[in-house]
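K.L.:
Chain by chain, the residues:
There are 2 protein chains.
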Amino acid sequence: MNSKIRSYSRAQAAKVTNVNAETIRYYESCGLLQPPARSAGGQRIYIEEHLQRLIFIRRSRELGFTLKEIKDLISLSDSSDRSCSQVRDLSAVHLRSIKAKIRDLKKMEKTLADMIKQCDANTTPTCPIIGALTS
Amino acid sequence: MNSKIRSYSRAQAAKVTNVNAETIRYYESCGLLQPPARSAGGQRIYIEEHLQRLIFIRRSRELGFTLKEIKDLISLSDSSDRSCSQVRDLSAVHLRSIKAKIRDLKKMEKTLADMIKQCDANTTPTCPIIGALTS
DNA sequence: ATAAACCCTGTAGCAACTACAGGGTCAAGT
DNA sequence: ACTTGACCCTGTAGTTGCTACAGGGTTTAT
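Chains as they are written, first to last, in the UniProt record's numbering: chain V, 1 to 135; chain B, 1 to 135.
If you are wondering where the hints come from, they were derived from the structure by calculation, not from laboratory data.
Note that the coordinates shown come from a computational prediction; the quantities given were computed from them, not determined experimentally.
A virtual CB, placed ideally from N, CA and C, is assigned to each residue, including glycine.
Heads up, some of the hints might be wrong.
Residues of chain B placed beyond 12 Å of chain V at every Cβ, according to the derived structure [to be verified]: (1) I5; (2) R6; (3) R10; (4) A11; (5) N20; (6) Y26; (7) S29; (8) P35; (9) A37; (10) A40; (11) G41; (12) G42; (13) I45; (14) D89; (15) A113; (16) K117.
Listed below are several chain V residues computed to face chain B (Cβ distance under 7 Å; list not exhaustive) [said to hold, decoys possible]: (17) I47; (18) E48; (19) I98; (20) I102; (21) M108.
Please build the complete structure, drawing on both the sequences and the hints.
P.N.:
And the structure:
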């Protein structure tokens, strides 16, 4: 009655998470992904946990976080070895940078939405996109 | 009575924009920054326009855009050579990715804010930060 | 049993910086 | 005018974060 754990080859994990198969190996090599179990023939066997972490890493990278920052963020979730105040301080640092990123993206969003509106209205756009992030 | 234009050396531009001095040269070499005027001795002389573009590039990079994407975005602002529908379509593509980034960052923001709240309440945090971007 | 599709390790390439090396420029102080 | 120190120039080499082979072993499906 042991419930079977769904497992994945590297190519399968790559497909599900949308992370390149080579990149998965790279993340393991630099300690971002915990090394998975191996088959008798030495091939990696990934489980759900790995997929979740891979998705988290990919989306964080897309948001401009470095691998070091992502390592930091991941270590927060496994904070048994940290004091509460350490977790609090590290979280606060990242929270500030996240809020700044959201602000900048919203400025860009507004600028682009305005440009689309101008195009739809068929007026000649002056497109001051650079201005969006300099003020 | 000609109003003087404020100009900047590379180191000054680097300091003001918070872009590494070497990186400024790199952006020029790959066509992201328009080449500035030179002094008699051959040294680069930057003006406000360069600083604005540098700040735009830096902040866009921090938001996870590639240099190619940033080139695209910059070219939108100088869209005299494009049809309105081209500008509209390119803007729409970037707008979608920006909205997705905002969504992801807001999930992270909430997770981190919750962790800080838990720490403040002095309860043991379980810190499910990975979960923030996998659902 | 044999082919196709995948995996392994290791290494080499690419993008986007970052940091020299070896020499020239410039501005400030004397 | 001259020196000195901080900066600039070009070119090249190193770093990070991937991405793509090469040469060989494993797995799966027929």
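K.L.:
Quick one: which hint numbers does this structure break? Sort them smallest to largest.
P.N.:
14, 15, 16, 17 and 18
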